[in-house]
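> Chains as they are written, first to last, in numbering that gives the first Met the number 0: chain A, 0 to 459; chain B, 0 to 191.
Please keep in mind that the hints were generated in silico from the structure rather than gathered at the bench. One thing to keep in mind: the hints can contain errors.
Stated by the list, open to error - Listed below are the simulated DSS-like cross-link pairs for lysine-lysine, each with C-alpha atoms no more than 27 Å apart in a straight line: (1) B:LYS13 / A:LYS245; (2) A:LYS367 / A:LYS34; (3) B:LYS83 / A:LYS304; (4) A:LYS304 / A:LYS231; (5) B:LYS156 / A:LYS367; (6) A:LYS392 / A:LYS5; (7) A:LYS231 / B:LYS13; (8) B:LYS83 / A:LYS245; (9) A:LYS367 / A:LYS292; (10) A:LYS292 / B:LYS13.
What the hints assert, rightly or not - Where chain A lies over chain B, by a calculated footprint (3+ residues, C-beta under 8 Å): (11) 12-23; (12) 26-35; (13) 85-98; (14) 148-161; (15) 170-179.
Unchecked claim - Counterexamples of contact, computed for chain A against chain B with all Cβ distances above 10 Å: (16) VAL31; (17) LEU60; (18) LEU123; (19) PRO153; (20) ILE155; (21) GLY213; (22) PHE239; (23) GLN280; (24) HIS282; (25) ARG320; (26) SER359; (27) LYS367; (28) LYS391; (29) LYS392; (30) TYR408.
Bear in mind that the values here come from a model prediction, so they are computed numbers and not experimental data. The C-beta atom is built at its ideal place from N, Cα and C for all residues, glycine as well.
The chain contents come next:
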Amino acid sequence: MQATTKNHAQLSEAFIADEPRTDWHDETLWFVRSKRDKAVHQVPEWELLREWASAIKNHTLSNLDNYLVDFERNANANGVVVHWASNASDHNNIVLKIMRDNQVKRVVKSKSMLTEECHLNPFLIENGIEVVDTDLGERIVQFRNEPPSHIVLPAIHLKKQDVSETFHEHLHTEKGNNDPQYLTEAARQHLRSKFIASDLAITGVNFAIAETGGFVVCTNEGNADMGAHAAKIHIACMGFEKIIPKLEHLGVFLRLLARSATGQPTTTYNSHFHRPRNGQQMHIVIVDNGRSKQLGRPEFRNSLKCIRCAACFNTCPVYRRSGGHSYHTAVAGPIGSILNPNIDMRANADLPFASTLCGSCSNVCPVKIDIHDQLWKWRQVLVAEGYVANGKKLGMKGMAFVLAYPKVYRIAGKMGRWVMRVLPFVTNNKLLNPWYKQREMPEAPKASFRDWYRKNRGGS
Amino acid sequence: MSRASILTAITNNKPSLVDLPIIDINAVIQYDDVVAQFKAVLESIGGLAIELNNMQELESEVQAEKAKGHYIINTLPELGEVDKDLATQVVATLETVHKAYLRGAIAVAENGAVWLYEHQMVNRLSPFICQHLVLVVEKRNIVATMHQAYQHIDAGKEGFGVFIAGPSKTADIEQSLVIGAHGARSLVVYLV
Chain A
0 MQATTKNHAQ LSEAFIADEP RTDWHDETLW FVRSKRDKAV HQVPEWELLR EWASAIKNHT
60 LSNLDNYLVD FERNANANGV VVHWASNASD HNNIVLKIMR DNQVKRVVKS KSMLTEECHL
120 NPFLIENGIE VVDTDLGERI VQFRNEPPSH IVLPAIHLKK QDVSETFHEH LHTEKGNNDP
180 QYLTEAARQH LRSKFIASDL AITGVNFAIA ETGGFVVCTN EGNADMGAHA AKIHIACMGF
240 EKIIPKLEHL GVFLRLLARS ATGQPTTTYN SHFHRPRNGQ QMHIVIVDNG RSKQLGRPEF
300 RNSLKCIRCA ACFNTCPVYR RSGGHSYHTA VAGPIGSILN PNIDMRANAD LPFASTLCGS
360 CSNVCPVKID IHDQLWKWRQ VLVAEGYVAN GKKLGMKGMA FVLAYPKVYR IAGKMGRWVM
420 RVLPFVTNNK LLNPWYKQRE MPEAPKASFR DWYRKNRGGS
Chain B
0 MSRASILTAI TNNKPSLVDL PIIDINAVIQ YDDVVAQFKA VLESIGGLAI ELNNMQELES
60 EVQAEKAKGH YIINTLPELG EVDKDLATQV VATLETVHKA YLRGAIAVAE NGAVWLYEHQ
120 MVNRLSPFIC QHLVLVVEKR NIVATMHQAY QHIDAGKEGF GVFIAGPSKT ADIEQSLVIG
180 AHGARSLVVY LV
């Protein structure tokens, strides 16, 4: 995503340097998680819904090739052109070709994590296309030349002062006016002019329905609709796992999605596209980009059930305190940490380790992905494939040795206590001991619990 | 090229077939009073639901709005003259619409959403581009949850259709809720 070779721990270090801001980020996301809980508690059959959603997705993955063919046939019959892209570069070239064929210069885009994954924006801009992101959060980060830090709340890492400064620079809003109402109004006026002037709109896809060849796009702002209905050409981009078998299954997924994401009973607009309007062109680009490979990994394939609600982000103690950019990928958070090693094992080998394995992600997941189990399983794969630093490997091996031999363990304990008492500067040292960076060392006890027990209770 | 290789890869890598679950709608929440539930939820998401005794009350509102010189879209014959050019109207003109009066097919009690078919919008942009949106739904067409909603509508019948729940909104700046992002700044649903 970013041109960086830093890993999650190094990028987090930069993020947490500002302590009050880290606390604010943590609390803001926890607030979203709390809203999710309130919404969920209004639905007594919540667990049943999760079970249905998970089972529908499992079924779909087990029959995915047939559903994709059904979807394509029905979409074609509806007058929609379907394209297939094996990877990010195919996807970007298909989109560019549609633009070239129609002499399109100006494009509006609503949120699509797939196009982030494929780095579509920089590719189009290099090829002379004006691309305007129209989701407010995405427009903010686009002005700042940053990637989104969250798949549902793209600018959640920013404070209103930051947005005010960015809008002052790009939209000439009043300097120092930090009122969200005022800033949103400025974006509304600015983006309405873009909707009117644009020739082509790109949207993502939340759900694609095999039995009808239609697709559903969910937004709160209405930007996908403003773009798609105003433009002469609409391109919808989707990873192939967005397929669901039937329209009636939307009843299950739309009850889960917004409640899990933001705690709303539903998103404001759930738009169902089936046919282009008179005179309009409608295209769908179906993308693989590593997904078929993930489907072939039995331990990891059910990550493809994800509906991108980001509940796992909001609940994650590591995400909340390290920020989305520390994951250096389009999809951050726990789900990103099990998806990205499949795309590039070397570049993303750090991510499955950015977790406490507390399991909260799996508990809130509306489609019951075993996220924390998969994080743990990825660690095994990455070590076996040689993608883990030698220091970590040695440390784990040393730890295993010490814990396997009680005598070694006792000697090591004694040495440790002695060092902490006599030479505290060795352990209370940020250079030698990374554990000490954000923590105080405990006071070393005089004896181990074992020694104390033998002395005081051993005889009885 | 890509199509064949993607489909082949999926065929080779997919797990063995598992069944679809049976969705038992009797197992989901029911409301004693779907009208009250719909009203309460719509208000909680920034909209307003008003029960109406007769369409004349609304007709006079439409006439009064028009008299003020605002650009008003009316698609309901019972509310007076309907806009004949709406289907083909250009975007730049639609952008000046102050208020749109549209009929919705059904309303959903659990989440405050109203379903609109394309023919009810006349122009796909009309419910989104107007500054203020007014929807008219028959009280007998309120269902409890989204499961019943999909039983009542045929969501793939027309080229486009949408569930709208409340006015356009965003919380992208510090999680502060702002009503009126890109779409309508207000939504009133009249229940008749």
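> Does each hint hold? Answer for all of them.
Here is how each hint holds up against the structure:
no.	hint	in the structure
1	B:LYS13 / A:LYS245	holds, 20 Å
2	A:LYS367 / A:LYS34	holds, 20 Å
3	B:LYS83 / A:LYS304	violated, 46 Å
4	A:LYS304 / A:LYS231	violated, 33 Å
5	B:LYS156 / A:LYS367	violated, 32 Å
6	A:LYS392 / A:LYS5	holds, 19 Å
7	A:LYS231 / B:LYS13	violated, 37 Å
8	B:LYS83 / A:LYS245	violated, 36 Å
9	A:LYS367 / A:LYS292	holds, 21 Å
10	A:LYS292 / B:LYS13	holds, 10 Å
11	12-23	holds (count 10)
12	26-35	holds (count 3)
13	85-98	holds (count 3)
14	148-161	holds (count 10)
15	170-179	holds (count 8)
16	VAL31	violated, 7 Å
17	LEU60	violated, 6 Å
18	LEU123	holds, 20 Å
19	PRO153	violated, 7 Å
20	ILE155	violated, 8 Å
21	GLY213	violated, 5 Å
22	PHE239	violated, 7 Å
23	GLN280	holds, 13 Å
24	HIS282	holds, 14 Å
25	ARG320	holds, 17 Å
26	SER359	holds, 20 Å
27	LYS367	holds, 12 Å
28	LYS391	holds, 31 Å
29	LYS392	holds, 30 Å
30	TYR408	holds, 44 Å
Consistency with the previously given hints fails for numbers 3, 4, 5, 7, 8, 16, 17, 19, 20, 21 and 22, ordered from lowest to highest.
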